[in-house]
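Numbering (the numbering used here), first residue to last: 1 to 290.
One or more of the hints may lead you astray.
What the hints assert, rightly or not - Just the calculated beta-carbon pair ranges, DEER-fashion:
{"#": "1", "residue 1": "Gln62", "residue 2": "Leu265", "range": "19 to 27 angstroms"}
{"#": "2", "residue 1": "Asn198", "residue 2": "Glu124", "range": "18 to 26 angstroms"}
{"#": "3", "residue 1": "Lys157", "residue 2": "Tyr184", "range": "37 to 45 angstroms"}
To be verified - Think about it this way: if two alpha-carbon atoms lie no more than 27 angstroms apart in a straight line, the pair counts; the simulated DSS-like pairs of lysine-lysine are:
{"#": "4", "residue 1": "Lys181", "residue 2": "Lys157"}
{"#": "5", "residue 1": "Lys181", "residue 2": "Lys102"}
{"#": "6", "residue 1": "Lys252", "residue 2": "Lys157"}
{"#": "7", "residue 1": "Lys177", "residue 2": "Lys157"}
{"#": "8", "residue 1": "Lys253", "residue 2": "Lys102"}
{"#": "9", "residue 1": "Lys177", "residue 2": "Lys6"}
{"#": "10", "residue 1": "Lys6", "residue 2": "Lys31"}
{"#": "11", "residue 1": "Lys23", "residue 2": "Lys102"}
{"#": "12", "residue 1": "Lys73", "residue 2": "Lys252"}
{"#": "13", "residue 1": "Lys73", "residue 2": "Lys181"}
{"#": "14", "residue 1": "Lys252", "residue 2": "Lys31"}
{"#": "15", "residue 1": "Lys247", "residue 2": "Lys6"}
{"#": "16", "residue 1": "Lys102", "residue 2": "Lys252"}
{"#": "17", "residue 1": "Lys252", "residue 2": "Lys286"}
{"#": "18", "residue 1": "Lys6", "residue 2": "Lys252"}
{"#": "19", "residue 1": "Lys6", "residue 2": "Lys102"}
Please keep in mind that the hints were generated in silico from the structure rather than gathered at the bench. A virtual CB, placed ideally from N, CA and C, is assigned to each residue, including glycine.
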Amino acid sequence: MGRRIKLIGSAIGNCGRALGCEKTPALVLDKLHSQFPALDSSIHDYNGTNADLERLQSYFGQVADDIIESSQKEALFPLMLGGDHACAIGSWSGVAGALAQKNAQLGLIWVDAHMDAHRPDTSETGNLHGMPVAHLLGYGHQQLTTLGYHGAKIQPKNLVYFAVRSFEPAEEELLQKLGVKIYYRHLLTSENFIDLFNHEFERLSQQTNGNVGISLDLDALDPEQIMAVSVPEDDGISPSLFLATMKQLDVKKLVAFEISEYNPLLDNDNQSLDYMIELLTVLIDKVNHE
């Protein structure tokens with residue numbers, strides 16, 4: 001029997017640069033239900049401020065607990081929707097927590113124009129959507145590094161970046177110090193992207209016994225085609241190329257998938273939404289037939 005897919009939405013948007021991302025989970029779920037009426041789901045709404053650590057701790061803890069508790073009941077494939085990318089603090093803490101109960105580690109491919117590896121003392125804006133990776137590595141607010149269980153949710157050797165092209169020195173310094181592998185955008189071409197992605201996916205799978213997750217920030221993609229993001233960066237990955245990569249991925253080794261930073265308030269022609277639905281449909285179909 002295959003894994004049960006559960007869409008887990010983090011309706012949070014005020015930890016980023018602009019509001020709007022918090023509307024995504026309900027919008028996407030409504031679209032997906034027309035194709036997959038039996039799709040299980042839960043959406044967690046955040047109603048606090050971006051500086052209320054106690055409320056953020058409670059909120060991200062609820063998301064993490066949802067994933068952990070759902071994974072205990074049966075084989076689960078979490079399909080996780082943000083929200084701004086701060087949502088990753090709760091979602092991947094949950095995935096890592098579920099794996100830790102099986103004495104397993106998480107491998108994670110972070111597809112993003114940004115490193116999202118600021119710590120509270122290095123961030124000029126204080127926006128939490130620029131800090132999720134640091135927190136998952138165990139650096140940041142203690143309230144947010146102890147979700148699921150105490151300690152880092154991912155080991156540096158089990159983390160790989162793709163498509164990075166906008167970052168600050170403090171972020172790069174931390175990641176290089178820890179030995180995290182980074183594929184900067186200028187290293188990637190239409191000819192080598194799929195092969196490099198597959199290579200790293202397989203490498204992480206071997207290191208974690210087939211427990212690899214993917215977190216996609218839509219700003220990793222070409223902003224001329226995927227425009228509905230709050231922090232666009234030029235020279236993104238071709239959306240069709242990323243979709244082709246996902247179509248041939250061995251989903252048996254994919255433990256969870258996440259999309260973040262879609263802002264429907266900026267999607268005048270629904271092109272970005274349509275792409276998300278196409279991508280998610282591909283993944284749902286693949287998991288349903290694994």
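Status of the hints after comparison with the structure:
no. : hint                                 : in the structure
1   : Gln62 to Leu265: 19 to 27 angstroms  : holds, 25 angstroms
2   : Asn198 to Glu124: 18 to 26 angstroms : violated, 36 angstroms
3   : Lys157 to Tyr184: 37 to 45 angstroms : violated, 19 angstroms
4   : Lys181 to Lys157                     : holds, 8 angstroms
5   : Lys181 to Lys102                     : holds, 26 angstroms
6   : Lys252 to Lys157                     : holds, 21 angstroms
7   : Lys177 to Lys157                     : holds, 12 angstroms
8   : Lys253 to Lys102                     : holds, 16 angstroms
9   : Lys177 to Lys6                       : violated, 36 angstroms
10  : Lys6 to Lys31                        : holds, 15 angstroms
11  : Lys23 to Lys102                      : violated, 34 angstroms
12  : Lys73 to Lys252                      : holds, 19 angstroms
13  : Lys73 to Lys181                      : violated, 34 angstroms
14  : Lys252 to Lys31                      : holds, 25 angstroms
15  : Lys247 to Lys6                       : holds, 20 angstroms
16  : Lys102 to Lys252                     : holds, 17 angstroms
17  : Lys252 to Lys286                     : holds, 9 angstroms
18  : Lys6 to Lys252                       : holds, 16 angstroms
19  : Lys6 to Lys102                       : holds, 20 angstroms
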